[in-house]
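*Asks:* Each residue of the sequence shown is one higher than the one before, starting from 106 at the first, in the numbering used here.
Some clues are possibly wrong.
[As the list claims (entries may be wrong)] Between beta-carbon pairs, the in silico distance windows are: (1) 173 - 143: 39 to 47 Å; (2) 174 - 139: 46 to 54 Å; (3) 180 - 153: 41 to 49 Å; (4) 138 - 176: 32 to 40 Å; (5) 146 - 177: 43 to 51 Å; (6) 173 - 135: 43 to 51 Å; (7) 161 - 128: 51 to 59 Å; (8) 180 - 147: 51 to 59 Å; (9) 175 - 140: 15 to 23 Å; (10) 126 - 177: 21 to 29 Å; (11) 165 - 126: 18 to 26 Å; (12) 124 - 175: 19 to 27 Å; (13) 179 - 119: 28 to 36 Å; (14) 144 - 114: 22 to 30 Å.
Please keep in mind that the hints were generated in silico from the structure rather than gathered at the bench.
Model, not experiment: these values are computed from the prediction.
Glycine included, every Cβ here is placed at the ideal spot set by N, Cα and C.
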Amino acid sequence: MKGDNFSGAIGRINEALEDLLAVWQDTKTFWNDHNAHLFEENYMKPLYNATRQAVESTRMMSDVTRKAVQECTRGPFDVE
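Let the hints inform the model, and build the full structure from the sequences given.
*Replies:* Written as structure tokens, this is what we have:
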């Protein structure tokens, strides 16, 4: 991953999260008791929320890094 290109990582994280959620939906058709609901509340929902926050933070970091690279590679006579 290049220092200013996080989009590939973001895409892979989103794809992995979608895969996990699809498998979880399939699992819930067979495992639908109190423990399944506890597992969803204690693990799946927090994992989903943390992953969404990580993706958003990574997007923000990507923007900051991209701007820093642009500013560091700008020549003394370049005009904005």
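*Asks:* Evaluate each hint against the coordinates.
*Replies:* Taking the hints in turn, this is what the structure says about them:
For the pair residue 173 and residue 143, the supplied restraint of 39 to 47 Å holds, since their beta-carbon distance comes to about 44 Å. Checked against the hint of 46 to 54 Å, the C-beta distance between residue 174 and residue 139 comes to roughly 51 Å, which is consistent with it. Taking 41 to 49 Å as the suggested C-beta distance range, the pair residue 180 and residue 153 conforms, at roughly 45 Å. Distance hint check for residue 138 and residue 176: the Cβ-Cβ separation is about 56 Å, which falls outside the suggested range of 32 to 40 Å.
About 46 Å separates the C-beta atoms of residue 146 and residue 177, a value consistent with the hinted range of 43 to 51 Å. The hint said 43 to 51 Å for the Cβ distance between residue 173 and residue 135, and at roughly 49 Å that hint holds. A C-beta distance of roughly 23 Å is found between residue 161 and residue 128, which places it outside the suggested range of 51 to 59 Å. At roughly 54 Å, the beta carbons of residue 180 and residue 147 sit within the given window of 51 to 59 Å.
Range check, residue 175 to residue 140: about 51 Å between beta-carbon atoms, so the 15 to 23 Å window is missed. The hinted window of 21 to 29 Å between residue 126 and residue 177 is violated, with their beta carbons roughly 39 Å apart. Against the hinted window of 18 to 26 Å, the Cβ-Cβ separation of residue 165 and residue 126 comes to about 23 Å, which satisfies the hint. Taken as a hint, the range 19 to 27 Å is violated for the pair residue 124 and residue 175, whose Cβ atoms sit roughly 34 Å apart.
Taken as a hint, the range 28 to 36 Å holds for the pair residue 179 and residue 119, whose Cβ atoms sit roughly 32 Å apart. For the pair residue 144 and residue 114, the supplied restraint of 22 to 30 Å holds, since their beta-carbon distance comes to about 27 Å.
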